[in-house]
Amino acid sequence: MSIDKHLVRKASLEKLFAVLKLQGKTMYAPLLRNGKISYEITGNFADVTIEFIQTTQSAKVAAFPRTEKLFNYTKDKEGVSVKDFDPNSIPETVVWGVHPCDAGGISPLSAIFNWDYKDNLYNTRLERITVIGFSCNKADEYCFCTSVGGNPGGVAGNDILFTKLGDSSDYLAEIVTDKGKALVNAAPELFEAAQDVEKEKYLADVPNRFNREDIKGKMEAFFESEVWAEQSMRCLGCGACAYVCPTCACFDIQDEIHGKNGMRVRCWDSCGFSMFTMHTSGHNPRDIQSQRWRQRLMHKFSYMPDRLSVYGCTGCGRCSRACPVDMNILEHLISMQEIKK
Amino acid sequence: MDELRNRAKELLESNTVQLIIGFEQGNGNKTRAVFIEKPENTSKLIFDSRCVQNLAVYLTKNEVKRKGKPAIVAPVPVLRSIIQLAAENQLTYASLVILGITPESKLVEFSTLEDIETYLDNFTLELEAKEKEILEKIDKMSPEERWKFWINELSPCFKCYACRAACPLCYCTRCTVDDNQPQWIPVPSHELGNLEWHIMRAMHLAGRCTDCGACADACPIAIPLNLLTKKMREDMKGQFGEVKASLKGGNMMSTFKPDDKENFIL
Chain X
0 MSIDKHLVRK ASLEKLFAVL KLQGKTMYAP LLRNGKISYE ITGNFADVTI
50 EFIQTTQSAK VAAFPRTEKL FNYTKDKEGV SVKDFDPNSI PETVVWGVHP
100 CDAGGISPLS AIFNWDYKDN LYNTRLERIT VIGFSCNKAD EYCFCTSVGG
150 NPGGVAGNDI LFTKLGDSSD YLAEIVTDKG KALVNAAPEL FEAAQDVEKE
200 KYLADVPNRF NREDIKGKME AFFESEVWAE QSMRCLGCGA CAYVCPTCAC
250 FDIQDEIHGK NGMRVRCWDS CGFSMFTMHT SGHNPRDIQS QRWRQRLMHK
300 FSYMPDRLSV YGCTGCGRCS RACPVDMNIL EHLISMQEIK K
Chain E
0 MDELRNRAKE LLESNTVQLI IGFEQGNGNK TRAVFIEKPE NTSKLIFDSR
50 CVQNLAVYLT KNEVKRKGKP AIVAPVPVLR SIIQLAAENQ LTYASLVILG
100 ITPESKLVEF STLEDIETYL DNFTLELEAK EKEILEKIDK MSPEERWKFW
150 INELSPCFKC YACRAACPLC YCTRCTVDDN QPQWIPVPSH ELGNLEWHIM
200 RAMHLAGRCT DCGACADACP IAIPLNLLTK KMREDMKGQF GEVKASLKGG
250 NMMSTFKPDD KENFIL
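Here the protein sequences come in this chain order: X and E.
Using numbering that gives the first Met the number 0, the final residue of the first sequence is 340, and nothing's skipped along the way.
Using numbering that gives the first Met the number 0, the final residue of the second sequence is 265, and nothing's skipped along the way.
By construction, these hints were calculated from the structure, which means they are not laboratory data.
Some clues are possibly wrong.
Which stretches of chain E does chain X cover? Using the computed rule of at least three CB atoms under 8 Å from a CB of chain X, they are [as the list claims (entries may be wrong)]:
hint	segment
1	61-69
2	157-163
3	185-191
As the structure is a prediction and not an experimental result, all values here were calculated from the model.
For each residue, glycine too, the CB sits at the ideal point set by N, CA and C.
So that you can see chain X by itself, here it is in the shape it has in the complex:
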């Protein structure tokens, strides 16, 4: 569909938030806590932060919660009865205030959750999510969206994308999808006729740092290289990078047992953990951290484009910012370009 454009005043944002809240939508928005920003459910616009380069955690939590119930079960004399989690109980949700690199994570996430098995829970959550994005007007040294097919004003994945028009308190609103249109229809008075604006002028400058197809080729050619160990010696093997990533989708299935009742849940997991590939025999095919680090990069830059036709990195830089030991994905990708052995 063609993208409708409107002008929205700053004061109208709060009104729009209130209208959506009144409609009963669950509102995920960036909230500040202990100096870090993450997407949490809130009803209070005053608590919402919009001025940031990037949140610590990604907005994937709305479509892929860190823990979600799959079913309940009860054991009795007759046997076991199972009650599936009812996807109809998933509320209509708005994810407010994502940047294009987060909205861009929806496509790789969806590819994973629909690879062969169509994941009903993920798909239902996503169906009920409306994404309200904000273009980036500033970036930092961790950002590299333009090197991985994105851009600071990219509309992909957004239902409505706002771009702040410089120091004025006006926003350009691009209505990207039918879901976006539905939101406009909920409060049409807030969406004024658009003036002719040159959007690019208001976007952050994110220089292109590498060619991802080249990197893909290098990684595949140098699978056995020492470079992986050199890069990852200091890696502690925690899951911070995976858990803040907008596209990491690995999970673990666990049972929560309470006597004769129980619940099966899906929890986030990370290929950085040593236990991730541990076999019941005790053998671990990814025995050392360098193999796990290689897996993380290969999965995003080789396996996903090969199998799912989509790269698994949106260049948001969250993993580098969150890493306690300065494992910097951009630095490592750039160094891959130079790799000779």
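Go by the hints and put chain E onto chain X.
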């Protein structure tokens, strides 16, 4: 700095060690761990007030051990961890070279682990005013308020286990949280799962934690988790006297002495 670089270079050239574990300049204003195997690369070594990661965490990693005998750049918090690791039979004096760094950033070397212990007696661990204030505030809370405080602080935890990974004393190859038959701690990062994980982590560090702060520094979402370990140190101080890493005498919470106070047992 030159002193450190020269000594590191000498150690590699003479093949006294095969690896230097130290700090280098990282991205932006960050510093980070560096692993140097070639004498010519020792010029990368730096040390300044930004170098706060506890490098002792690498001493027990297989990837590092496979490189041969290491020398480690060790400011006071790292020295404390080294003593605790030695007390727990995870290393010996002969297994590494310790490049001690004084608070004035001068190189200091020791001829025995006992010498390090004596040196560490110069530095007592005291709570900072701000830490004291918050611990007192928590102490004054009613049980309900305290419960609410911790649930609120711990609820954003997504169990990336960076706290565990950054701690030199969390060296178990298999952590209790990774056991699932039986499962001791709920795996999901829900309220109960988070609470049980952090209480278990703190309890396993009781009497062992050297208060380096690596856990809280590593937390990507800035949960003040070292408040738990700090509080435990304070409580133990009150019950048993000074808490410090010690080569003799074992860990406070796993050692019985006939003259231990027993008035907490009903």
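Going through the hints against the structure:
1. Residue count for the segment 61-69 of chain E with a Cβ under 8 Å from a Cβ of chain X: 3. That meets the three needed, and the coverage hint holds.
2. Three residues within the 8 Å Cβ limit are the bar, and the segment 157-163 of chain E against chain X gives 6, so the coverage statement holds.
3. By the rule of at least three residues with a Cβ nearer than 8 Å to a Cβ of chain X, the coverage given for the segment 185-191 of chain E holds, with 5 such residues.
Checked against the numbered hints above, the structure violates none of them.
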